[in-house]
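Colleague: If you want the building blocks of each chain, they are given just below.
Protein chains: 2
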Amino acid sequence: MIKLAIDCFGGDHSPEANVKGALIALKSLPDLFLVLTGDEEKIRRELDGKDFDPARIEVINAPKVIGCDETPTVAIRQKKDSSLMRAIELLRTDESVHGIVTIGSTGALVAAATLRVGRIPGVKRPAFCPILPTMDGGIVGVCDSGANVDVSVQMLRQFAVMGSLYLECAYGIERPRVALLNIGVEAEKGDELRKAAYPALSETEGVNFVGNMESRDLLSGGYDLVVTDGFAGNVLIKSTEGACLEMLKKLKKDICSRTINKIGALLMKRMFDEEKRFMDYRNYGGSVLLGCKKIVVKGHGSSNDAAVAKCIEQAYRMQAADLTEKTAQGIAAIAPEAE
Amino acid sequence: MIKLAIDCFGGDHSPEANVKGALIALKSLPDLFLVLTGDEEKIRRELDGKDFDPARIEVINAPKVIGCDETPTVAIRQKKDSSLMRAIELLRTDESVHGIVTIGSTGALVAAATLRVGRIPGVKRPAFCPILPTMDGGIVGVCDSGANVDVSVQMLRQFAVMGSLYLECAYGIERPRVALLNIGVEAEKGDELRKAAYPALSETEGVNFVGNMESRDLLSGGYDLVVTDGFAGNVLIKSTEGACLEMLKKLKKDICSRTINKIGALLMKRMFDEEKRFMDYRNYGGSVLLGCKKIVVKGHGSSNDAAVAKCIEQAYRMQAADLTEKTAQGIAAIAPEAE
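Just so you know, the sequences run in chain order A and B.
Per our numbering, the very first residue in the first sequence carries number 1; after that it's consecutive.
Per our numbering, the very first residue in the second sequence carries number 1; after that it's consecutive.
No lab work stands behind these hints, which were simulated from the structure alone.
Take the hints with a grain of salt, since some may be wrong.
Identical copies carry no separate label here, and so any pair may be met within one copy or between two of them.
Claimed, not checked - Straight-line alpha carbon distances no greater than 30 Å define the calculated DSS-like cross-link-like pairs of lysine-lysine that follow:
| hint | residue 1 | residue 2 |
| --- | --- | --- |
| 1 | 79 | 276 |
| 2 | 189 | 293 |
| 3 | 195 | 79 |
| 4 | 79 | 189 |
| 5 | 189 | 80 |
| 6 | 20 | 3 |
| 7 | 42 | 3 |
| 8 | 253 | 189 |
| 9 | 262 | 27 |
| 10 | 262 | 293 |
| 11 | 253 | 276 |
| 12 | 276 | 250 |
| 13 | 189 | 64 |
| 14 | 249 | 189 |
| 15 | 262 | 20 |
| 16 | 253 | 64 |
| 17 | 250 | 238 |
| 18 | 250 | 27 |
| 19 | 276 | 124 |
| 20 | 326 | 79 |
| 21 | 42 | 79 |
| 22 | 195 | 27 |
| 23 | 189 | 326 |
| 24 | 293 | 20 |
| 25 | 50 | 189 |
| 26 | 253 | 124 |
| 27 | 252 | 79 |
The structure displayed is predicted, hence computed values, not measured ones.
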């Protein structure tokens, strides 16, 4: 049995999306058990009349919610009875709970997971690894995408190891092709960090390093994992998403500006619907925080029930493949080569 | 009269695109004089039979070409008789020559412009400032986009001053809205550099600082200039361009996959042609290297004649507005507040 804590608050459509998502996941995964945290009355109201096995759900009352505008370190100290902190506390104290899924405050999650749940021995810093769809129908992960704005070569090596194992365990990608985000493909490109990281990644046990990648090639399908510092990773992810969304918006506006375009678009409705689905981040699960002692999945704040269900299924797959244990071994294997 | 040196080699369509572009620019700007550098025989062959005033063109023979794969510092030392270095030498020695336009090696250009032409007094490092179209029909500049991978707060302040003056002089944008690229909009976001740069930019004379910008908002039209280090700037520009191009490619593929889509696209042909034109970087001129003693414009390597002409017109506007002198004054005005 796999047991996960579900933080039911903090998202745009909470708790409805969280609770409904939990029930979808329960239906598709027979040996899953879920602990829902948050305002119990509101959660029970969402569960009311729904078709599910009550023996596979537990609700823990936690009336408070940590908002995205709160200072993470303060919030996690002061709001112990929040939906997030009760879930985190469960991870810390209950060995049988394997992970957490939340769509609430990212900052509070990183602080709480790092400080309360703790890191896998040897891991310098946990790192986010969101997944994006590539234009050839595959996926690409980016690690780190924002948890660590200042990184070292050793941290980049760890991101490569953790991200590779994640892609293998959760997506079945064998020997993921790992690239270093840089401003040119040549080995000597970039700042001091990148110049030092290139040879270090080439020699890192368990990492299939294929060289530098320029940001324009992120969606090309040529790479499975891109390692980078959290600042550049954040810029990379958000500018890629932003450009795609702005372009779709522009297309929509231009279509509406002329009747002939509207007729054309009507004929292409099925295609445009597919493009929209392709672009919808909610179809690709959450961003996982790699390197913690337990599985941590952060879904988008605007997640609907289907998106929450995807995040739960993602956490399930990671635990089913024993990712945490494998990561501990992978990190231990590269430890002797520290900077 | 404005006099510019045109490096006629080093691009994908050189020297044809360079020479034809030069003639287009000469036609549209009556008081322009151009010095073409490169293999004289090949340049003369391109000029042959064309309609232009020979009194407004000079050709300087420089048979060699610096390739994009050459090490910049070595190439600029060893290839003094290359088209780029002869143009740079002209800038250095001839007071009447106001600037250079090239579509050749970026690395060699930065090295040569910095070392041979020199910086405006007080400028710590020249920086690139390419222009992108925004979705509301405007433009946005990004400074630096790759010349400096490691920067200081003082350098970011200078990028803000130089970029603002450039947008005012070359594009008539009054009090350009300047943003700092960051991983969140709050003042306290980012690494140590960004945290220190935020208040410093707020207090910088001549800079209309509007706060942090997340990369997803680059094309929104809410900003005129984004300042950043060259690493993140490079990631920003290339991922934005890359995502737009990959999306267009995907649309094209999906359109071809079904007959009904092809019919729809046929009706929308005019719109799709407009989108393609909108996306074509060649319509937005080159990336200027700000902070040098003379005007430096670098066009895309794949520039055609129209794109080269745009770069020349851009250099012309910068010189006509006396950008170099204004930059010297702007930099001097912020110098006392150095770090």
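Colleague: I'd like to know which numbered hints this structure contradicts. Please list them from smallest to largest.
Modeller: 1, 8, 9, 10, 15, 16, 18, 19, 20, 22, 23, 25, 26, 27
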